[in-house]
Every structure is written in C-alpha cells, then in structure tokens.
Amino acid sequence: MADNREVVETQPGRGRPVIAPGYTFGTVTDQISSVVLTKKTPIFWFACFGFGFALLLIFLWAVAVLFAKGVGVWGIQRPVMWGFAITNFVWWIGIGHAGTLISAILLLLNQSWRNSINRFAEAMTLFAVACAGMFPLLHLGRPWLFYWLFPYPNSMGVQPQFRSPLVWDVFAVSTYATVSLLFWFVGLLPDLGTLRDRAPSRLGRFLYGMLAMGWRGSARHWSIYETATLLLAGLATPLVVSVHTVVSFDFTIAIVPGWHSTFFPPYFVAGAIYSGFAMVLVLAIPLRKVYGLEGLITQRHLDNSAKIMLATGLIVSYAYIMETFSAWYSGNTYEGAAIWHRMTGPYAGQYWLLVTCNIIALQVLWFKRVRLSPLLLFIESMVVLVGMWLERYMIIVSSLAQDFMPGAWGLFHATRWDWATYFGTIGLFMFLFFLFIRLLPMISIFEVRTLLPQAKVEEESEA
Amino acid sequence: MKPPIYGVMAEFDNPTALVNAARRAREEGYRKVDAFSPFPIEELSEALHLHKNKLPLIVLLGGIGGLLTGYLMQYYVTVIYFPINIGGRPLHSWPAYIIITFELTILFAALAAVFGLLGLCGLPMPYHPVFNVPRFALASRNRFFLCIESTDPLFDRSKTCQFLETLEASEVTEVAH
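Chains as they are written, first to last, in my numbering: chain U, 204 to 666; chain G, -4 to 172.
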C-alpha cells in the first residue's frame, strides 16, 4: 500500500507541495480508505476510543446524578448561575468554528490545501457542537422539557420571547448543527461511493451503498454537486460568523460589567477560530503519525494552521488589551472594577494563567522551527485550548461573581460533578470522533485526488 | 436478437483522455452522453455543456422561504398571538427579529441546497445500469468512463462501439439494463 510514497520535508517553506509527491489516484484512494476497510485496528485507536468511552461513562453517571438531584449538584449558586455549563458551552461551540472555517471559508478563498484536513475538521465541528449542546440542555434544570425553547402551538398558551438572546442562541446553534451535518454529509457522499465499491464485506457494501445513495460520479451530478458545495460554503460562511456573534450576545446584551461591550462579537469569533485550530492540530498531529498520513497532512498544513492560530491569537490578545483599555477609558466605575477584580481579585490566578496561555505562549508561533515541529505545535495547541477555556471561565464567572453591589457578590466553586460533566463531554467527543475515524474516511478522498498533478486536464495543442 | 442495452461505455485511464473523448462524442452529434470520474472535472462539464443547473434558483427560493418564515413567525407571535407589553415598547420590534430571521434564511437555504442536489441528481438511486459493468467500481477510484446511452437518436450498437474504440479507450463494453 502506497510504497511509492515519499515524504519530502527537507525544504520547508513556500512552494512546498500540499501533498507529498509520488501519489496516484489509486494510492490516495487505497491509503485513506484502508484505514476504514481494514480488519486491523491500531492500538492507538483502542487506547483513545477506550479512554473516550470511559470518560463518556463518567458523563452518563454525572448526568444521571444531575437528573436525579437537580442542578444543585453543580457549583452554581447566586450570583454565578452560569458557572461551568455556559463556560463549556461557549468553549465547545468555539472549537467547532474552525471546522466550518476550513470547510467553507477556505473553500471560497480557493485554498486547496484545506482539502486534506477539511473532513475531520468538519467532523470535529459536528461533535463539538453536540458536546456544546449538552450544556444548555442540562443547565435547563428540567432538560426533558427542552422543546419548550421552540415556538410551537401549545396548550399553555405561551411562546418564547424572541427578543431574548437566549432564544436567538437556540436558533443559531440548532441551525449551525443542522447545516454542519448537511455540509459534512454532502462532502462524504462521493467517498461513501468509493467505500461501497471497495468494501470487502457484504455488510459494508450494503451499508456504505445505502449511505452513498447511488452516487456514481456522473459528470452531470458532479456539476450540480460543485454548485451545491459552493452554495453551502457561501451559506455556512456568514452562519459561522453569526453563531459566535449570537453566543456573545448572550453576554453583551446584558448590563453586567465585563460583559456589556460592543467588541465581544469579533473577539468571540476570533477566539473561536483560535481554539478551533488548536483542536484541529491536537487531532491531526497524532492521527497523521499513527496512520502514516504525513504525505497527505503535510507540514504545510501544520504550518498554515499555526499561522492562522497566530493571527487569530493576536486578535484575541488585542481584544484583551482593548477590554482593559476601554474599561479604564470609559470612566465607568463598575467596568473598571470588573477588570481590576479579574487581575487582582479571587480569580487573579486564572486570569494570569489565561494571559500566559493565550498571549505569551502564543508568541512561540512566530518561529518557523516551532511551526514545523509537530511535538511543539501539539503542546502549544493544548496550551491554547486550556487558555481559551480559562478565557470563557473568566468572562462568565468573574463578571457574575462581582458585579455592582458587594452585598450581592458570591464566588463560584466547581464541584466534582461540574468536572465530571466537563471531562465527560471530552469523552463524548473522543468517543464520537474515534468512531468516525474507524468508520468513515477521515480525509476527503475525492478532494485529495483533485490536488494531484495528474488531475489537471491537459489542453490539446490542435484545439 | 440480442436484448436491448442501456448503452455502451468506454474506459479511460486519465482525465485528459476522458475530456477529449467527451468533446469528440459531442462533436459527433451524440447528446445522451454521460461521463463518470472519481473527482469533479471542470473541463468535463464544459465538454458536455453542463454549466447551467437550477440549484441556485432552488437555494434562493429556500432562502426567501426561510426569511419570510422567520420574520412572519416572530411577527405573529410577538404582535398577534402573544403580545407582551414591556414599558410601552413597540410590539413590532423588528431589530430583535433580525437574528432568527437570518438563521432561518440560512437553514432553509441549506436544506434547499442539499435536497435540491439530491432531487436534481435523482438520488437516492441504489440501482443504476452502469453498475452492471464490472470495472465500473473503479470509477470511484482511478478510472474514467464515458457512456453513450441507447436512447440517443444516433445510437447504433456496433457503430457507437466502433466510434468509442477510436477514442484511445482502454476498454469498450456494453452496459446491460
């Protein structure tokens, strides 16, 4: 399998091929589909899937306790009623954003290098949104009544308040989840056809065949398909920007000091892409190593992703600085106090850790040596994920804990069930993600084929 | 008398040969021609004159439908069905409607794009005669196929086969129904 593959990474920098030379349509197809169609599963997969599954069980346990006893098992109490639940929600939604950025925005910008990372990044989006969705639902207190969030004719004679950002969130996140799923499935369609044609077992042929819906690679279909992907990308691009904007409205529409500010939407979107690319790298670096995909997910992908992280991270750093500046410049006592409490108050430790993770550690990405070292990038991405989680925690918890009246202040302390639910969703994510790795092609086979030099149609000289 | 067939199919091993063959088939006057490739080829759509499709219109209609649904739903609920007077503020508070209107526009347009795609392609279609060609499984891997259908007015079983053989095809086969 793919013996003629040769990974050339001696000349890092511009002009490096997006994928390593030596691939053919056949070897690309074989290499990517063999991960799914083989009977052999690497130990790495069992380890990660098993770890994810164990965490998932913890999640189910935490949720069972929550259902039995109510949200009081979490550390939420007045005035910090949002606590971990909304922190984790915002963090997970943000992570999802990189997938849509890669699949939609980079498609519109004609960045063909995205072709070998878009599939698993989209899967990441889907699963991250699933994890994100858990938190507002569980936070409802009576999650089984979640459908009350939607407007439907009911005997109670009441309807949602459409002027509330929390209702906007319901529409934004459910639209985002649906569109991400559709986009992902449409992208999978031709590859499901490939798996149907190559699956050795009858069951595999049947299942992939059903999912492929009879895709046969017809030129007529391809022509419509290309239009459809372009249109979906055009729709997903404003959508992805709107989703985190709406999430930031949950804060900015309120008058809580530290929340009520106009730059939250761009700041949230940049932060989302920052953490999302960190997650892309955290997933891509071990996967390419274990499955020998270094020829398809090359150093150029790592380098480009690191550069996007650097750019969005700098926007986030700018936002921190402006947040501090505008709190001072506004002359508003409460705004100033909110920032001052963050820097020196009970959450100062978390604040400075967040500055270290998101601003100071980020600066290593200026160095090409770091961007080209998978290990260092992996560590830096982990640091960013922690930093971005702390950022969400800081925004939510520290602003709510100390707002206007000192008599109404109160600190938040996470309980073990908070942590169990949070780590549990990481388990849910890993569980879903590794099932995906095992059952569906993690790299878009047909889009990688278009990257090969052989895919270019040579014009006839006499024509 | 041989049983009727779906068409004849030629196999090529690179995209350039397929595009050239598709052009030649069009020049020859064949119209019921379809090509099959493992990835989208822009030149192929040009060669087969496939550039127009109705999908953008479907998506536009989906988007407009979503826009109207979103806005009118909120108008109906906040003004007619369940008005809440908050300090005398107007019931028809359109700036607050924009977000849900926007989200539903995107949602309906995206659904229209996906179902429009499936509808225009006639999918799901688990059975299709081209799958009867044993080597056609490679159309999703590394081979390129051109099929001239028997419903084409110029179609003639032996002549069309001969024509395809002149096109540098590596193999020409009949496609059973």
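Simulated from the structure, these hints should not be mistaken for lab results. A few of these clues could be false.
[What the hints assert, rightly or not] Derived Cβ-Cβ restraints for the label pairs, each shown as a range:
hint, chain 1, residue 1, chain 2, residue 2, range
1, G, Asp147, U, Phe249, 53 to 61 Å
2, U, Gln566, G, Arg130, 50 to 58 Å
3, G, Ile79, U, Phe409, 48 to 56 Å
4, G, Glu41, U, Trp555, 38 to 46 Å
5, G, Glu41, U, Ser315, 18 to 26 Å
6, U, Pro346, G, Glu41, 21 to 29 Å
7, U, Gly407, G, Met120, 15 to 23 Å
8, G, His172, U, Leu410, 25 to 33 Å
9, G, Lys27, U, Leu340, 51 to 59 Å
10, U, Asn313, G, Pro(-2), 27 to 35 Å
11, G, Ala171, U, Phe249, 21 to 29 Å
[To be verified] Sample of chain U residues at the chain G side, in silico, Cβ under 7 Å:
hint, residue
12, Phe365
13, Leu369
14, His424
15, Leu638
Being a predicted model, the structure only gives us computed values, none of them experimental. Where is the CB? At the ideal position from N, CA and C, for every residue including glycine.
Hint check against the structure, violated hint numbers in rising order: Violated hints: 4, 6, 10, 11, 13, 15; rest satisfied.
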